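As given, the protein sequences belong to chains D and B, one line each in that order. Just so we're aligned, residue 1 is where the first sequence starts under the working numbering, counting upward by one. Just so we're aligned, residue 1 is where the second sequence starts under the working numbering, counting upward by one.
Keep in mind that the hints were calculated from the coordinates and are not lab data. Take these hints with a grain of salt, some might be off.
Copies of the same chain look alike in the list, so a pair counts if it fits in one copy or across any two.
Restricting the straight-line Cα-Cα distance to at most 30 Å, the calculated cross-link-like pairs of lysine-lysine (DSS-like) are [stated by the list, open to error]: (1) Lys38 x Lys167; (2) Lys136 x Lys202; (3) Lys38 x Lys175; (4) Lys167 x Lys143; (5) Lys271 x Lys202; (6) Lys143 x Lys46.
Remember, it's a predicted structure, so these values are computed and weren't measured experimentally.
There are 2 protein chains.
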Amino acid sequence: MDVESYLKDKSEKVTKCIDGYFSRPDAHVPEILREAMKYSLLAGGKRLRPTLCIAAHVACGGIEDDIMLCASALEVIHTYSLIHDDLPAMDNDDLRRGIPTNHKVYGEAVAILAGDGLLSEAFLMMLETPGNIPVKNILAALKDVARAAGPAGMVGGQVQDILSEDKEPDRETLKYIHRHKTGALLASSVRIGGILAGADDKTLAALTSYGDGLGLAFQIVDDILDVRGDEQLLGKPVGSDQEKHKMTYPALYGLDASMRKAEDLMADSLKALAPMEQAGLDTSVLKGIAEYILRRTH
Amino acid sequence: MDVESYLKDKSEKVTKCIDGYFSRPDAHVPEILREAMKYSLLAGGKRLRPTLCIAAHVACGGIEDDIMLCASALEVIHTYSLIHDDLPAMDNDDLRRGIPTNHKVYGEAVAILAGDGLLSEAFLMMLETPGNIPVKNILAALKDVARAAGPAGMVGGQVQDILSEDKEPDRETLKYIHRHKTGALLASSVRIGGILAGADDKTLAALTSYGDGLGLAFQIVDDILDVRGDEQLLGKPVGSDQEKHKMTYPALYGLDASMRKAEDLMADSLKALAPMEQAGLDTSVLKGIAEYILRRTH
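Model the full assembly from the supplied sequences, consistent with the hints where possible.
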């Protein structure tokens with residue numbers, strides 16, 4: 001399969017879905033808030049979470065259009081987390097995806113509120129999932145995402161990340177941060193694709209293992225790119241993790257051992273898909289995305 | 001009815017429910033985050049939103065215990081909004097409910113994340129509504145709350161509030177702020193009590209009118225108390241709205257005219273309940289709470 005064009009196609013569809021959703025006229029939404037939310041939502045990005053969700057859904061026999069809003073909501077949650085991560089009280093970043101961060105353009109207050117608004121709106125988008133998806137599946141997917149985004153997932157990881165700056169790195173803490181800050185929502189994106197398709201427990205277990213490994217591998221590659229990536233391609237300065245004394249895999253294990261870890265994790269992820277293949281499901285897209293994540297340059 | 005003891009009883013039950021929920025062991029939640037969330041959740045407060053939800057639910061023939069988690073989740077959303085409102089980039093308040101604000105104790109980064117975590121967790125709590133409430137009612141209630149909390153509701157109101165500081169007050173903007181910043185979630189609290197009880201459209205329309213009027217009246221009384229309230233009872237300095245050049249009812253209309261406005265709104269709220277009474281539903285608790293809100297001293 002041609003994973004690059006698959007990713008490009010899904011990314012465009014997701015962007016169109018998000019743009020359409022957030023352009024709906026609504027006299028109750030202050031114009032500056034709408035603008036601030038759209039600024040970060042439409043600033044680019046690979047739309048990896050929605051794409052993983054769609055790929056898992058279709059692999060389980062689901063129809064892409066049914067879950068487009070739900071999948072796009074994952075990008076909305078991701079975007080809220082980036083806006084808050086970039087705040088002066090957090091990572092204090094001026095640049096994201098090659099353009100000024102939200103608070104640099106709209107000020108801190110509006111940036112905080114744009115993030116807050118996006119999280120509520122993401123749940124609202126998921127609740128608009130059309131009627132051909134059984135209501136109990138929507139409920140289960142919502143639970144999965146809310147947990148992955150909350151204190152036991154992404155928010156917990158971010159707290160630990162902030163607390164660990166300038167601390168002596170240790171393996172357990174580092175693993176906790178990466179598994180929660182980035183891994184939890186990525187894994188949930190894969191899993192809810194299956195949940196919304198009504199996948200059986202065996203398939204959901206396979207998707208969970210695949211998503212867990214892929215999520216951690218993704219963040220390790222992110223750490224590596226922060227050391228030796230191309231600033232132009234990344235849209236942000238390299239070396240910022242080191243400058244902020246962040247706990248990263250390269251800092252703890254070195255670049256080569258980190259890359260080997262990512263490769264091992266991804267190999268396990270691919271192996272985890274075996275039960276789906278035995279059940280006759282096509283996992284080629286999921287495999288292609290995993291390969292892409294490992295080899296990506298930005 | 002004795003509204004004071006009703007409010008005290010519900011407030012205690014809600015506090016117990018929240019305390020229990022946030023004390024559940026979960027190795028994925030960093031201890032400091034749990035502590036920061038509980039600090040603000042258990043700092044007191046009248047638990048007005050959950051109490052309104054319970055009162056509406058029971059008035060519509062529902063059972064209190066069925067929706068205890070869902071009702072409590074409204075207080076969790078309210079608490080997240082207070083933590084973020086108090087941040088230096090927003091209202092920059094040092095004191096809330098008589099104790100230091102969240103960021104004063106835990107720092108800005110953890111306070112932002114504690115707020116973020118509470119919002120996700122609130123949705124998770126609502127999703128734990130037990131099985132005797134039909135799933136479609138849970139989804140409808142979630143939609144209502146997500147909209148009331150988001151860009152078209154509370155977050156929109158807060159954005160407009162921040163933008164209007166130091167501006168010449170005007171009636172339309174002031175009404176927008178109050179209806180959205182405070183009114184939307186209060187009205188939703190009432191309405192979802194009915195939605196979760198499977199109330200018919202006539203009853204939901206009555207609850208909506210009651211909640212809308214009550215929500216706006218609540219905020220006008222809040223403005224008035226900020227001018228002439230008792231610092232000890234309020235747990236925060238009086239006069240802070242004026243100091244921050246906030247757009248308020250007393251600033252625009254004066255104290256007496258503001259109080260008359262609140263009284264008129266509340267009278268309309270009570271009248272709106274007539275169709276429920278004609279249908280044989282007991283609205284005495286809802287009326288008692290409205291009276292209390294108008295006469296409260298803190």
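Handout entry: Up to 30 Å CA-CA - Lys202 versus Lys271, copy category
Key = Intra 14 Å, inter 56 Å, cutoff 30 Å: intra-copy only.
Problem - Homo-oligomer pair classification [Lys202, Lys136; C-alpha up to 30 Å] - result: Both: 19 Å inside a copy, 28 Å across copies.
Exercise for the section: Using 30 Å as the alpha carbon limit, work out where Lys143 and Lys46 are close: within a copy, between copies, both or neither. Expected result: For Lys143 and Lys46, both the intra-copy (25 Å) and inter-copy (28 Å) Cα distances are at most 30 Å.
Exercise for the section: Since the copies are identical, ignore which copy is meant and state whether Lys38 and Lys167 lie within 30 Å (CA to CA) inside a copy, between copies, both or neither. Expected result: Answer is between; shortest inter-copy Cα gap is 26 Å, intra-copy 36 Å.
Handout entry: Within, between, both or neither, where Lys38 and Lys175 count as close if Cα-Cα is 30 Å or less
Key = between (33 Å within a copy, 26 Å between copies)
Problem - Homo-oligomer pair classification [Lys143, Lys167; C-alpha up to 30 Å] - result: neither (34 Å within a copy, 42 Å between copies)
Violated hint for the displayed structure: number 4, the only one.
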